[in-house]
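**Q** Starting from the structure of chain A, add chain B where the hints point.
Protein chains: 2
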Amino acid sequence: MFGKIRNSFQLVFIIMIASGLFASVNAQSLEEIMKTRGLSQTDMLAAAKTYTPSGKLDEYVVFSSGGQSGQVIVYGVPSMRILKYISVFTPEPWQGYGYGDDESMDIIYKQGSIRGKEITWGDTHHPALSETAAEYDGQYCFINDKANPRVAVIDLKTFSTTQIVANPIMKNEHGAAFVTPNTEYIIEASQIPAPFTNDYVPLTEFNEKYRGAMTMWKFSRKKGKILEENSFSVELPPYCQDLSDSGKNMSEGWVFTNSFNSERYIGGFGPGNTKFRDRLPHEAGMSSKDTDYLHMIHLDTAIKLFEQGKYKKINGHPVISMETMIANNALFLIPEPKSPHGVMINPSGQYLTVSGKLDTHVSVYDFKKMMKLINAKEYEGRDPYNVPILSMTKSLHGQVELGLGPLHTQYDSEKGIAYTSLYVDSAIARWDYLKLKLIEKIPIHYNVGHLVAAEGDTATPDGKYLIALNKLAIDRFTQVGPLHPQNHQLIDISAGHPMQLLYDMPLPLGEPHYAVMIKADKLKPLIRYKQKWFKNRVKPGRERIVREGNKVTVHSTLIRSHYSPEIIEVNKGDEVVWHLTNLERAQDETHGFSIYLYNINGSLEPGETSTFRFTADQEGVFPFYCTEFCSALHLEMMGYLLVKP
Amino acid sequence: MFGKIRNSFQLVFIIMIASGLFASVNAQSLEEIMKTRGLSQTDMLAAAKTYTPSGKLDEYVVFSSGGQSGQVIVYGVPSMRILKYISVFTPEPWQGYGYGDDESMDIIYKQGSIRGKEITWGDTHHPALSETAAEYDGQYCFINDKANPRVAVIDLKTFSTTQIVANPIMKNEHGAAFVTPNTEYIIEASQIPAPFTNDYVPLTEFNEKYRGAMTMWKFSRKKGKILEENSFSVELPPYCQDLSDSGKNMSEGWVFTNSFNSERYIGGFGPGNTKFRDRLPHEAGMSSKDTDYLHMIHLDTAIKLFEQGKYKKINGHPVISMETMIANNALFLIPEPKSPHGVMINPSGQYLTVSGKLDTHVSVYDFKKMMKLINAKEYEGRDPYNVPILSMTKSLHGQVELGLGPLHTQYDSEKGIAYTSLYVDSAIARWDYLKLKLIEKIPIHYNVGHLVAAEGDTATPDGKYLIALNKLAIDRFTQVGPLHPQNHQLIDISAGHPMQLLYDMPLPLGEPHYAVMIKADKLKPLIRYKQKWFKNRVKPGRERIVREGNKVTVHSTLIRSHYSPEIIEVNKGDEVVWHLTNLERAQDETHGFSIYLYNINGSLEPGETSTFRFTADQEGVFPFYCTEFCSALHLEMMGYLLVKP
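So the protein sequences, as listed, match chains A and B.
Note that numbering that gives the first Met the number 0 gives residue 371 to position 372 of the first sequence, counting from 1, and the numbers run on in steps of one.
Note that numbering that gives the first Met the number 0 gives residue 118 to position 119 of the second sequence, counting from 1, and the numbers run on in steps of one.
Source of the hints: derived by calculation from the structure; they are not laboratory data.
Computed from a predicted model, the values in this text were never measured in an experiment.
Possibly wrong hints are sitting among the right ones.
As the list claims (entries may be wrong) - Calculated lysine-lysine pairs in the DSSO-like style (CA-CA distance at most 27 Å, straight line):
| id | chain 1 | residue 1 | chain 2 | residue 2 |
| --- | --- | --- | --- | --- |
| 1 | A | K312 | A | K224 |
| 2 | A | K55 | B | K463 |
| 3 | B | K312 | A | K643 |
| 4 | B | K34 | A | K463 |
| 5 | B | K109 | B | K550 |
| 6 | A | K34 | B | K55 |
| 7 | B | K217 | B | K311 |
| 8 | A | K109 | A | K311 |
| 9 | A | K463 | B | K55 |
| 10 | B | K55 | A | K571 |
Chain A with its partners taken away, still in its complex shape (with noise of 0.2 Å):
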């Protein structure tokens, strides 16, 4: 029964057992909650790791892609507990956002639309937070869309989305954000090459014609925002380029991305491809080549050519061409095993690592060796485009066999140790990139994409937490239909003894791609707004109806729990300008405001003024009120508007 005394928890079992105490205990001892719930020792070791009482506040908290919800999602660690779905290029009506006030309707319908076509969702992917000399400072996050090429700002004061730009010469991407260690750009990297132009190119002219190309985003933190005017973009080869990552350290002043179908093969299976039928599907072709190709791109110069005007304009947007980089020594290509999915440059910034996610290795790329390649000019060849490469064995500081399917690769806060996801294994790795020697694996449930650990990618990880991303749960959570959660799986990874799962958390809405993990109390979010920041505020007393003309202008005020005015009437045809003034200082005091038939929604948080605009184009009775449970009269906090005939 007693078996091999494992630890202290164990033990205390043995002695109760031994002491007759098991007799005495009530109705709510923990070891007969433990038989009821069919919880081990080890389970209550790893139940202790994470439970947070009511009240007690998380020591880290991830920022995670959404996926195709076109969100980010923020949660707790260890808590595991999700506290907020930010919106980005999805509307959300809870958060009042694309359902009727000025400001993001401009963001998701204005500055959003591409071609003059408005996108109401993204493929959010990778999320970037901002950092001051390579380590998180807790001020904004920046998210990419992959599906319509698109780079978003979130301000993590209010941690609300305030900028959307579009890119103008991609038509997919997927390496961005990545940001450099100041974060004076942020990093975009296209993925499925198309022409930069907007008109019909056939595949046959698929290797002159298409291009990938790296973006980049200048930002002003000052003006927390994106500076299209003072961006630019790089040339790449039709490739599809991957993961991007910034230099560090050693390696500032560049930037690397990895890539795909370095064969070009394009034009694949099936009856609708009239010119290319019966040939191989994308998945099978575009993996036939044992190596594809790390791009290093020298951002450094990139600015000064930029800045010379090295560059033609194609659709208004500045690119410099590969041939400028090429002969400006800034851009270059090292073979990689196929099909990587990252490049992940660690904290000192000397090793980067990459994985072919169809070879079972991990490599660990030298910094120092690549840079000396590069002054000596010693390229093993070109590509089709002129481009140097550079021997993958010369680059190499070695390779460690990890497993099946190896993916992505995160920090520890000890020397040389790295965690590397192996989607294929469902396992994580443990290993030594400096000794090039496999640790430990520990299982995961199931197919784990990225991964992330507490800073993770800064140059100075925290290590202790390490998070799977899981892309399938399967059998994990109780069935909700055929559209399953996906998993994420909490990880101890504190120092001195082995990896121990110690959670599984579903993701109710989205399916995460990627994570960054930063302190907690390096966020300093907002309260409250102040109210004199917003120009159309309305005081308390200054309550109005202006009408001029066939445009009417309501002044209200909003606090628990009424509207000032509740009654407004007009006529038919009337265009309306709303602007609502939420007067609550009380934290979490936010009142909402919806109309009849209006689709509209507002979240006015405290401190907050909101505009709205519409015509009354239809007559009748048209009740509004507000949708927070703001007291215990808010179904009292209504009004109605009346349209005249």
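**A** Okay, now just chain B, sitting in the frame of chain A:
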């Protein structure tokens, strides 16, 4: 140091210390973890009651409204893990809901439209589960939209929305969705009174022309649909009807709703109101009387009246007048403490609890006494609309003082035991509604609205778990900007010991109002679709592109990890119809479908076929790809739509 020994856990500590074992514990000992994380023994008891190890499933599943997010939120108990956000009134791209496929576009943009206006959000309030003999049967979930009166059907085989019906006469509602004990009808009661017609009616005619109503939506379990042609409404006075409930067992055949603003106070506060300037705001004027009215509606009689054609059609919809209802002894009022929020029928159907939010008492009505008065035609008087009023005193079983702001009541498995939320007190009261006695209170954080107990509004509640749906989180979680998550607190209500607070769960999106909790094993969701269920299914080997004039039909299949066909060329101006069948049979193997610039994203679950339609209105190169990380080669699952000029 040892103080009073409270439980076995503390004893264990003492024994350990006494045994000198503390020194021998390793780095992972439970005690050290507890110390590091500041956890008490009480915390560990709570942790043990909620911690659900990897792969273990929950005992209960909660369906919660998402409030103004327009969704239904599904989570497990006791783990308090959120499993899914079901899209209902708001488009959501991850689920491919409202992003191009025929089925969901029809639900949102056709069925969901009102008076020709597209409404792309909802204010979901009260989910109801389908019942058989007043027990949850796990087949369907229904949910209302308060902002734009609508009711939706969610099929619990697929956990997806399958129907939206728009209320033809209401302009605002609240008391929905509630089902009859065998789900023959789904009840929807209005809230803010308005004319049934869509024309302008001035507020001076409020008493005469504004009305409340209750709609009885006929549900066909066989078709899984609301049958609009078999549904009807009952006219009610222009009080603000509030929450509703169907009678069960003894009271089956009756429907109850309470109300506020029986003052009919309208036209309040502020400068906007030219006719009623300087009156009290609505929140004050609507709560000036001491009582409002509990409404009793005899559904069985109403159904007969409907079948006999004793209605008028308004906006094409049958409405039974108050006059007809009164004449047929099918509509009564009983005074209730003012501004209540909900009337909750106990498991036997005999007792109804009502809480006036501005009173400190909960009132327990006795259905037997009410029926005695009705049968004796013993009325206390009539309201201005001639509705008979029953005596409150003679209808009451009694009242109990529970605390400030009593709001919502749920029932326990133990006879006579109920739980009532106290909004102002921020507490939950456990009390006996038969003996009319308060048992105990537990504080919550903060301002609880509704609450939900395990199967707590069925004929046989389970006890065990109670969840407080708190409206404010304030300082409970790491701050994420001025807009906080809501907080659902799990409370242990199992018999034999005081209530214990177990867990705080933030709601990261939406503002839940009401929830229902079902035994998890009653749910029988689908793992995959059968391909043959879809009329547009594409069989493997039968992929093709068919052109008829300027209409191009693409018949595509998807399987790990390619589309077939992968290249599609059309001409500018072509109408494209694109059928896609996911050939996967593996659990959780969803594929996505997005095209650059077309605002399309599909979620094709195993076996599912979806159809997308668009006009190729711009020439150019449009990559499409799978938005789900479906295999190690998912990035290669892509193709090109080429549009020739």
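**Q** A separate judgement is required for each hint: does it hold in the structure or not?
**A** Against the structure, the hints:
At roughly 22 Å between alpha-carbon atoms, K312(A) and K224(A) fall within 27 Å of each other, so this suggested pair holds. For a cut-off of 27 Å, the pair hint linking K55(A) to K463(B) stands: about 25 Å separates their Cα positions. Proposed proximity of K312(B) and K643(A) is supported: the alpha carbons are some 24 Å apart, at most 27 Å. For the hint linking K34(B) to K463(A), the alpha-carbon distance of about 17 Å falls within 27 Å, and the restraint holds.
Restraint check for K109(B) and K550(B): the C-alpha separation of about 23 Å stays at or below 27 Å, so the hint holds. Taken as a hint, the K34(A) and K55(B) pair is honoured in the structure, with Cα atoms around 14 Å apart against an allowance of 27 Å. Distance restraint check for K217(B) and K311(B): the Cα-Cα separation of roughly 18 Å lies within the 27 Å cut-off, and the hinted pair is therefore satisfied. The straight-line distance between the Cα atoms of K109(A) and K311(A) is roughly 26 Å, inside the 27 Å bound, and the hint therefore holds.
As the CA atoms of K463(A) and K55(B) are separated by approximately 25 Å, the hinted pair is consistent with the 27 Å bound. Pair hint K55(B) plus K571(A) does not hold up; C-alpha atoms about 59 Å apart against a cutoff of 27 Å.
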